[in-house]
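> Line order of the protein sequences matches chains A and B. Just so you know, we're using our numbering here: the first sequence kicks off at 1 and counts up by one. Just so you know, we're using our numbering here: the second sequence kicks off at 349 and counts up by one.
The set of hints was computed from the structure by calculation and includes no laboratory data. Please note that the accuracy of each hint is not assured.
20 Å max Cα-Cα, derived EDC-like pairs, lysine to aspartate or glutamate [as the list claims (entries may be wrong)]: (1) 149(A) x 495(B); (2) 34(A) x 533(B); (3) 34(A) x 419(B); (4) 37(A) x 430(B); (5) 195(A) x 272(A); (6) 487(B) x 396(B); (7) 156(A) x 495(B); (8) 386(B) x 396(B); (9) 519(B) x 465(B); (10) 62(A) x 269(A); (11) 195(A) x 2(A); (12) 519(B) x 533(B); (13) 149(A) x 566(B); (14) 156(A) x 566(B); (15) 156(A) x 364(B); (16) 304(A) x 566(B); (17) 156(A) x 465(B).
Anything over 10 Å on all C-beta distances counts as not near chain A; from chain B, calculated [to be verified]: (18) 360; (19) 429; (20) 492; (21) 494; (22) 526; (23) 527; (24) 542; (25) 553; (26) 564.
We put the CB at the ideal spot given by N, CA and C, even for glycine.
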Amino acid sequence: MDLTFLIYLSSGLFLGWSLGASEASNFGTAVATKMIKFRTAAIISSVCVILGAVIEGSGATKTLDSLGDITSLAGAFMIALSAAMTTAWMVKLSIPVSTSQAIVGAIIGWNFFAGRNTDLTILSEIISAWFLGPIFGGIFAILLYALLKITFTHWKLHILRKDSLTRIALIFAGAFGMYALGANNIANVMGVFVKSSPLDQLKLPLGIILNHEQVLFLLGGIAISVGICTYSHKVIETIGNTIMKLSPLMAWVVVMAHGIVLFIFSSTELRDLLISWHLPALPLVPVSATQAIIGSVIGLGLAKGGRDLNWNVIGKIVISFVLTPITSALVCYISLFFLQNVFQQVVY
Amino acid sequence: MFHIHLSLFSKTKALESDIDRFHDKLIDASMVFTQAVKIYLKEGRSTDFKKHSKQIKLIEHNADELRRNIENNLYGYNLIPDLRADVLELVENFDKVINKIDEVTYMFYAECPQIPDEYRAYFNELVGLSADAAENMCKASRSFFRDLSAVRDYSQKVYSIEHESDICSRKMLENIFASDRPLAEKLQLRQFIDGIAEIADQAEDFIDQLLIFTIKRDI
Numbered sequence: 001m002d003l004t005f006l007i008y009l010s011s012g013l014f015l016g017w018s019l020g021a022s023e024a025s026n027f028g029t030a031v032a033t034k035m036i037k038f039r040t041a042a043i044i045s046s047v048c049v050i051l052g053a054v055i056e057g058s059g060a061t062k063t064l065d066s067l068g069d070i071t072s073l074a075g076a077f078m079i080a081l082s083a084a085m086t087t088a089w090m091v092k093l094s095i096p097v098s099t100s101q102a103i104v105g106a107i108i109g110w111n112f113f114a115g116r117n118t119d120l121t122i123l124s125e126i127i128s129a130w131f132l133g134p135i136f137g138g139i140f141a142i143l144l145y146a147l148l149k150i151t152f153t154h155w156k157l158h159i160l161r162k163d164s165l166t167r168i169a170l171i172f173a174g175a176f177g178m179y180a181l182g183a184n185n186i187a188n189v190m191g192v193f194v195k196s197s198p199l200d201q202l203k204l205p206l207g208i209i210l211n212h213e214q215v216l217f218l219l220g221g222i223a224i225s226v227g228i229c230t231y232s233h234k235v236i237e238t239i240g241n242t243i244m245k246l247s248p249l250m251a252w253v254v255v256m257a258h259g260i261v262l263f264i265f266s267s268t269e270l271r272d273l274l275i276s277w278h279l280p281a282l283p284l285v286p287v288s289a290t291q292a293i294i295g296s297v298i299g300l301g302l303a304k305g306g307r308d309l310n311w312n313v314i315g316k317i318v319i320s321f322v323l324t325p326i327t328s329a330l331v332c333y334i335s336l337f338f339l340q341n342v343f344q345q346v347v348y
Numbered sequence: 349m350f351h352i353h354l355s356l357f358s359k360t361k362a363l364e365s366d367i368d369r370f371h372d373k374l375i376d377a378s379m380v381f382t383q384a385v386k387i388y389l390k391e392g393r394s395t396d397f398k399k400h401s402k403q404i405k406l407i408e409h410n411a412d413e414l415r416r417n418i419e420n421n422l423y424g425y426n427l428i429p430d431l432r433a434d435v436l437e438l439v440e441n442f443d444k445v446i447n448k449i450d451e452v453t454y455m456f457y458a459e460c461p462q463i464p465d466e467y468r469a470y471f472n473e474l475v476g477l478s479a480d481a482a483e484n485m486c487k488a489s490r491s492f493f494r495d496l497s498a499v500r501d502y503s504q505k506v507y508s509i510e511h512e513s514d515i516c517s518r519k520m521l522e523n524i525f526a527s528d529r530p531l532a533e534k535l536q537l538r539q540f541i542d543g544i545a546e547i548a549d550q551a552e553d554f555i556d557q558l559l560i561f562t563i564k565r566d567i
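Throw the hints in and build the complete structure from the sequences for me.
Below, the structure is given as structure tokens:
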């Protein structure tokens, strides 16, 4: 692995770090209620996110690849950096930003700069997935809530046993959520580098061989893990104590619902299975974990009898759908101009 | 995983059993209390009454031991902290009702009040209502641990019984203070009426708290 590649890859790694720091809130309730220590949550999260990225990461990455044929390392660097800068800015504006929307915007910016056409069919697939993410989050939350309600109405479990089960279930849901996050969001972090990566395959003990794409995902997964271990503590506590101040069982519903959303938008096997059953398959697209969580919380609220939708939050999500890709595309276009004309780099 | 699952549940089982036995103590105490007062009203501080009084003391002592056990185990056992705090508070307040029963029985033992004949039936009624409130409180509390949906039914019973006990105790007080008895006697009788009615009041307070904890856990 040469130094130039590492320098170019740094923007993707930074994006991975910020993803780990900001979106790894699956263990929020478990940590905030002191059910598990932050360190344990961070270790489980890190392992699961890396596994998800390496095992299931290629599905959503292929879709992003089809949106922009990025073969230049410098171009990939600037796309990831623009997405990271936009994400940071949106976070500052308290808009529930999605790294996916930022990276797609940046790729479109690159397409404009390179004079390439953007595949509108793929783009419409991606945009529909952004809308479907929170909606599915809400639907799955309602279904899971109904399932819990039926289960505990018929199964008179002692409250202490229920507590034990809840703790185990929350840890599993958190781990599943992190696996799905790795599978779905690694495309945002490393997707643009796949075609320009000079990495070779990697042989691991026990005869495990990672192809060059998986090696890249492994690096991205490690970057997300570093983000989780170094910076997610505060976010986890904030999420656990404020935004998601839910009972442990309701937190389980939300974490599972958002995990399922991320999973169905990233699993190649599930898509193949649906196709083999002649059912409509969902596009494999990176979607926002935060927006899926918000959708799940709203769905849960509706299932519990809430009648008022929080239009303010929904409005912010829609603003994010529009504002994030446009900003990211503009930032990328301008940055590419400087990178090409000031630093004399080949960006496409 | 299977091992973790088993060990988690085996720890819970011991705690569950302690909580169940703790609840049994209130049922025992309220039954013996009703009997003890009945005997007192009939025979005064007889040997039989003393036996019942001792029995209540023993129940209260055992309940205290169980409460301490439950509290220690709750800290040792890694429960969701919010649930642990609620269970601790419930156990503490549950124990107060048992303590009150013991306290009132001891008042009868120590003060040997002269209960006029015309009030004996009232005393029996009031004791019955208070014991009933305590028993229904116990059922509500058991339901909190096993079947949240039943908590409300028992709670409603406690509220209604407590209301009846209030009416009964007021009627008694009005009659006593309208009589020509010496003031000291009236005041002593009032103390006993208040003490017995306090059992139902404490059951009601417990239920208020229990309902909040139930709402917190209702899916």
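> Are residue 34(A) and residue 533(B) close enough, with their CA atoms no more than 20 Å apart?
Distance ~57 Å between residue 34(A) and residue 533(B) Cα, so the pair is violated.
> Looking at residue 564(B) again, its CB stays over 10 Å from all of chain A?
violated, 7 Å
> Does the structure keep residue 156(A) and residue 566(B) at a Cα separation of 20 Å or less?
holds, 13 Å
> When you check the alpha-carbon spacing of residue 195(A) and residue 272(A), does it fall within 20 Å?
This hinted pair is violated, its Cα atoms lying about 24 Å apart.
> Run the C-beta distances from residue 553(B) to all of chain A and say if the shortest one exceeds 10 Å.
holds, 21 Å
> Does residue 566(B) lie within 20 Å of residue 149(A) when you go C-alpha to C-alpha?
Distance of about 9 Å is within 20 Å: holds.
> For the pair we were handed, residue 34(A) and residue 419(B), check the Cα-Cα distance against 20 Å.
holds, 19 Å
> For residue 492(B), is the shortest beta carbon distance to chain A beyond 10 Å?
The claim is violated: residue 492(B) sits with its nearest Cβ about 7 Å from chain A, within 10 Å.
> Could you let me know if the closest chain A CB is still more than 10 Å away from the CB of residue 494(B)?
Label violated. Min Cβ-Cβ 6 Å, cutoff 10 Å.
> Need the status of pair residue 519(B), residue 465(B): alpha-carbon distance at most 20 Å?
Holds, at about 16 Å.
> Taken at face value, is the distance from the CA of residue 396(B) to the CA of residue 487(B) at most 20 Å?
Distance ~29 Å between residue 487(B) and residue 396(B) Cα, so the pair is violated.
> Given the hinted pair residue 149(A) and residue 495(B), is their alpha-carbon gap at most 20 Å?
Roughly 13 Å separates the two Cα atoms, so the pair holds.
When each numbered hint is compared with the structure, violations occur for hints 2, 5, 6, 17, 18, 19, 20, 21, 26.
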